[in-house]
Amino acid sequence: MPRNVLDIIDLSVGEIDRLIATAEDIEANPEKYQDVCRNRQLATLFFEPSTRTRLSFESAMLALGGSVLGFSEASSSSTTKGETVGDTIHTVSCYADIIAMRHPKEGAAYAASQFSEVPIINAGDGGHNHPTQTLTDLLTIYREKRRLSGFTIGLCGDLKFGRTVHSLVNALSRYEDIRYVLISPEELKLPRYIKEQALKAQGIPYTQVSSLEDAISELDILYMTRVQKERFFNEEEYLRLKDSYILTPERLAKAKSDLSILHPLPRVNEISVEVDRDPRAAYWKQVKNGKLIRMALIMYLLNIQA
Amino acid sequence: MNIDSIQNGVVLDHICAGKSMDIYRDLQLDKLECPVAIIKNARSARMGSKDMIKIDSPMELDLDILGYIDPNITVNVIRDGKRVEKKHLAPPQKLVNIIRCKNPRCITSAEPQLDAIFLLSDRKTNRYRCAYCESEEGKRA
Chain A
1 MPRNVLDIID
11 LSVGEIDRLI
21 ATAEDIEANP
31 EKYQDVCRNR
41 QLATLFFEPS
51 TRTRLSFESA
61 MLALGGSVLG
71 FSEASSSSTT
81 KGETVGDTIH
91 TVSCYADIIA
101 MRHPKEGAAY
111 AASQFSEVPI
121 INAGDGGHNH
131 PTQTLTDLLT
141 IYREKRRLSG
151 FTIGLCGDLK
161 FGRTVHSLVN
171 ALSRYEDIRY
181 VLISPEELKL
191 PRYIKEQALK
201 AQGIPYTQVS
211 SLEDAISELD
221 ILYMTRVQKE
231 RFFNEEEYLR
241 LKDSYILTPE
251 RLAKAKSDLS
261 ILHPLPRVNE
271 ISVEVDRDPR
281 AAYWKQVKNG
291 KLIRMALIMY
301 LLNIQA
Chain B
1 MNIDSIQNGV
11 VLDHICAGKS
21 MDIYRDLQLD
31 KLECPVAIIK
41 NARSARMGSK
51 DMIKIDSPME
61 LDLDILGYID
71 PNITVNVIRD
81 GKRVEKKHLA
91 PPQKLVNIIR
101 CKNPRCITSA
111 EPQLDAIFLL
121 SDRKTNRYRC
131 AYCESEEGKR
141 A
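So the sequence lines, in the order shown, correspond to chains A and B.
Counting along the first sequence from 1, when you hit position 299 you're at 299 in our numbering, and nothing is skipped either side.
Counting along the second sequence from 1, when you hit position 95 you're at 95 in our numbering, and nothing is skipped either side.
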């Protein structure tokens, strides 16, 4: 059975530490890694559009000297002819050494893993999981704070459908001395099963609030999210909630001087562009970190050492 | 009320009172040609009242379904009029094609030919979650 990464908890804390160390070494010594994936192929199967994640995977594989194939939307695949995920994966695993897959349905990556002969990386399955974004977030937090423990993190916005939030909470629940402040409107609270499984079961402290302004002064890390239109069945509900939380320089006035602001991107309007100039904004660094950690992950799953 | 003892077959005992017909349906006992007795509201020292099902023919039962429906049921195997085995059930770790995910966003809703797999998530409350999307919402397949 190939090794898959469908959920961030498929990787142990020790494995994540090693991936972070490799990512930092890749940045320090890129020439050491530029040819390690020669003659290896990554398939990027994106049944749902994405700019950042797909390009990040492709850029990562190219930087390792490998090549890429795939599609960027379901309409250019045999899905339009009624092909199942299983059959698509069966076919592609004959062509590629590793597959990164995004799909709008929750659990699609797990379904794919049942049919694949090569490693599957979940690049997002609906509102469920997005483990490589979480690896990106962990690398960014580590590079900002030089630690993955002992801080207060505020998760703000759509905590119900925000898969990056679910994965991040699951990942950080394995590190020590972290406090969570869950900032969302009532309708977009973190799902009960994640609170019970990742937080309550382990006695991890958290508070749920609806005001960003009230919470911001106590945070070491602020993780902003977008209210995603594609997760709503009802447009009216989306329109009612989409502007729930907007981060502005005025709201940041009360925040700590060493706050780190993260966002999985893309943003719509939940972080005003003026905040980009604030030294506490770490979300553009996150994009770069995303490529580095995906390089490390591809190498790890292909069992390649530099 | 007397129900004759069976010679070779299975007795499902300690069924929660009122649940025997559900189990009769779930195990598809209507398809059997041998005698099947359903005893409702029998007196029980442990449970107050209970249901029982007696099947007068040796057979293999799907213990996963039974353990999922009610892990307190006991399965007695009868041979030559004597009980030769008493099985205590436990909630199975994995359910395959017993319940289906109700989450409309789950891949199994879009591709119903996939096996519906649920995993035991909480042994204390016997709660199961979909192996694909982790939703707790399930309905009988």
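Some clues are possibly wrong.
To be verified - Pair by pair, the computed Cβ-Cβ distance ranges are:
no., chain 1, residue 1, chain 2, residue 2, range
1, A, Arg147, B, Gly48, 54 to 62 Å
2, B, Gln93, A, Asp258, 44 to 52 Å
3, B, Lys124, A, Met1, 24 to 32 Å
4, A, His90, B, Ile38, 44 to 52 Å
5, A, Glu176, B, Ala37, 56 to 64 Å
6, A, Gly203, B, Gln93, 23 to 31 Å
7, B, Met47, A, Arg147, 52 to 60 Å
What the hints assert, rightly or not - Facing chain B, a subset of chain A residues (Cβ under 7 Å, in silico):
no., residue
8, Arg38
9, Thr84
10, Glu106
11, Ala108
12, Tyr110
13, Ala111
14, Gly126
15, His128
By construction, these hints were calculated from the structure, which means they are not laboratory data.
Bear in mind the structure is a predicted one, so any value in this text is a computation, not a measurement.
By construction, the Cβ of each residue, glycine as well, lies at the ideal position given by its N, Cα and C atoms.
Hint check against the structure, violated hint numbers in rising order: Of the numbered hints, just 8 does not hold.
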